[in-house]
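Asks: This is what each chain is made of:
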Amino acid sequence: MSSRERILGRVRRALADVTPDERPYAEAVPRDYLREHGARTTEQTVELLAGNLADYRAIVHRSDAEELPYLVMRLLNQHGSQEVLVPPGLPPEWMSAADPVRIHDRAVSTAQRLDQVDSVVTGCAVAIAETGTIVLDGSPDQGRRRISLIPDHHICVVRVPDQVVSSVPQALERLDPARPLTWISGPSATSDIELDRVEGVHGPRTLEVVLLS
Amino acid sequence: MSGTFVGMPAFPKAAHDALGNATLRGNLRHATHTIRAKRARAVAELDDWAALREAGRRIKDHTLRHLDRYLVQLEESVTAAGGTVHWAADADEANRIVAELVKATGESEVVKVKSMATQEIGLNEALLEEGIHAYETDLAELIVQLGEDRPSHILVPAIHRNRREIRDIFRSQMGEWGRPAPEDLTDAPAELAEAARLHLREKFLRARVGISGANFMVAETGTLVVVESEGNGRMCLTLPETLISVVGIEKIVPTWRDLEVFLQTLPRSSTAERMNPYTSMWTGTTDGDGPRTFHLVLLDNGRTDTLADQVGRQALRCIRCSACLNVCPVYERAGGHAYGSVYPGPIGAILSPQLRGTASEIDASLPYASSLCGACYEVCPVAIDIPEVLVHLRERVVEGGPAVRQGNKVMLRPAKGHAAERAAMRAARWAFTRPAALRSGQRLASRTRRLHPRTLPGPGRAWSGTRDLPAVPAEPFRDWWQRTRGGKDGTK
Ligand code: SF4
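For the protein sequence lines, the chains are G and X, in the order given.
Residues in the first sequence are numbered consecutively from 1, following this note's numbering.
Residues in the second sequence are numbered consecutively from 1001, following this note's numbering.
Wrong hints could be hidden among the right ones.
Derived DEER-like restraints, expressed as beta-carbon distance ranges [unchecked claim]:
#, chain 1, residue 1, chain 2, residue 2, range
1, G, R174, X, M1411, 49 to 59 Å
2, X, D1287, G, R174, 20 to 30 Å
3, X, D1047, G, R197, 40 to 50 Å
Facing chain G, according to a computed beta carbon distance under 10 Å, are these residues of chain X, among others [stated by the list, open to error]:
#, residue
4, A1040
5, P1189
6, A1308
Hints listed in this document are in silico derivations from the structure and should not be mistaken for laboratory results.
Given the structure is predicted, the values throughout are model-derived calculations rather than measurements.
From the three backbone atoms N, C-alpha and C, an ideal C-beta is built for every residue, glycine too.
Start from the sequences and build out the full structure, keeping to the hints where you can.
Replies: What follows is the structure, encoded as structure tokens:
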């Protein structure tokens, strides 16, 4: 007997006392919880996102389309970046004023090569106000998962209000599980040493979020 | 469960030793009280917490009730997405599967992201026997691994180490494993984290095989979810060419939508955050992004035996948030090591004796490592009635009776007159007769209520609408308790 059959057999025997519940799944689990917490205007939801991002030590900026290239330029300069990673589908105008050398991510770029790059600029798939979370789904303006992981400085542009939702349930509705997803809430952190929160262990130690309207 | 910690002294002995360790006690007290207060604030932010908790409980119960169906569905969806599914009935088989998969890649090093399941099966040790080095990459796990130590908390495994000890371990050990710690390393947490970052980055960048567990597996889509803080998980999940995930069969949720419940309750219950810094979700493999090969090893190792126990099966709802540890007065004083398993605290006290059986002294004594105050049940985000299961397992230890071991029905002998009984009795005395401090915060009403399992409004009852709780007489336990305490207790 294969282990598969053995385990499935054990499960079935273990459940011998249980009457199967033939209701459709939607009925079997009551979902009395809220779709979002509190009532807010769109503007208030964006405010909440900004507040929660900042609460977890992301640096939040606001910008419009015209000003964005200059903001990106400034942020890269302030970080002292020589090289910046750019996913294949990033709108070129976002980078039009930036000075650092643009490194276009290619499948052949090794992890060691990516480790030499100072910064990365990406878009995002959705941002969650209640938790201060941005979600990347590997779309062309976000690129492979590793490019937002290895560089120490991540600039993430969120289109507001279109990409902003209030809550986790609303975010999941918008996301496609077939894509590789990375949920990011503030820079990487650890509390493993006497429970002191230290920002930045392996992921980017500086996360800057630009709310683009 | 493998004998990861065989030879462990039974709970009361280990707890007694821990009590004598002032560093451990100070750290634990500080840590558990800090997280406890933060968690309460994070939970209070959501005014639908009770509804989320109830939904979480129902989702998990529904899944367990149809676990065969969902396992098959998960296998189909993971396979369709490009992954390969393996089934492991016990620890040895899981270790063998993983070792063979690693060997097939020709590698002798793997990077690992913290996973309870791989600790439970003793994977690192098993791989080492095959000449494969597994590097732990979670900061706390690194501290534990470098210090040749054992984890003591689910979430903060090095909670028993203070910063000075950590600095000393880094200074003396990092060089043995790879990039050494800087000469002038101080004990500032930021510097220690930086040393770990540099030490581990070298390993991430060259790693070709990653090993992980998972917090959730979605049957409908084949998606796996890993919730973490440091980014080492992302490194292990995305940089290597081969990813092997070892996951307990109870980690399934039926649908994508179910994540909306647990991604709200888990971070707030565990790290007391609105959301943890990083959550990774992947479905099979993706062209050009992340590992090209993905293996999922589905682990039984005592879980189906646990599922066969009508009262104890609720322990399989656990999402390993560790909230129950942080509120437990016994854990706070005894420390994680006293539980003799990778699962410490209240959840360990009900899970280990079920996964491993109650034959050993440590496992027989675990159900007594509690004062039944009920705080664990109240904070549990999937409403596991831990006191109810504890009482049930005490009955089992004392009375013996039918159980399932490795899929076979067995008749357990009563512990009466055996070493196990003495160990259990000492644990009970330890927990029940601590000075008032241990009992502070207990609500007497709930304590006595929980001594009568049949009167419990516990979630076990709702498991099946058509089934009554098994008739567990309250008498024998109390009789036994009074008899043994009356006869042997000389401490009071
Ligand atoms: S038993 Fe409940 S509170 Fe304890 S770790 Fe599991 S889910 Fe968390």
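Asks: Holds or violated: the 20 to 30 Å window for the beta-carbon distance between D1287(X) and R174(G)?
Replies: holds (23 Å)
Asks: Less than 10 Å between beta-carbons is the criterion; does A1040(X) satisfy it with respect to chain G?
Replies: This interface hint is violated because 16 Å lies over the 10 Å limit.
Asks: Given A1308(X) as an interface hint, is its Cβ closer than 10 Å to any Cβ of chain G?
Replies: Holds - the Cβ of A1308(X) comes within 10 Å of chain G, reaching about 4 Å at its closest.
Asks: Holds or violated: 40 to 50 Å for the Cβ distance of D1047(X) and R197(G)?
Replies: violated (26 Å)
Asks: Has the hinted range 49 to 59 Å been met by the Cβ atoms of R174(G) and M1411(X)?
Replies: holds (54 Å)
Asks: Is the hint on P1189(X) kept, meaning its closest Cβ partner in chain G is under 10 Å away?
Replies: This interface hint holds because 4 Å falls under the 10 Å limit.
In terms of the numbered hints stated before, the structure departs from hints 3 and 4, listed from lowest to highest.
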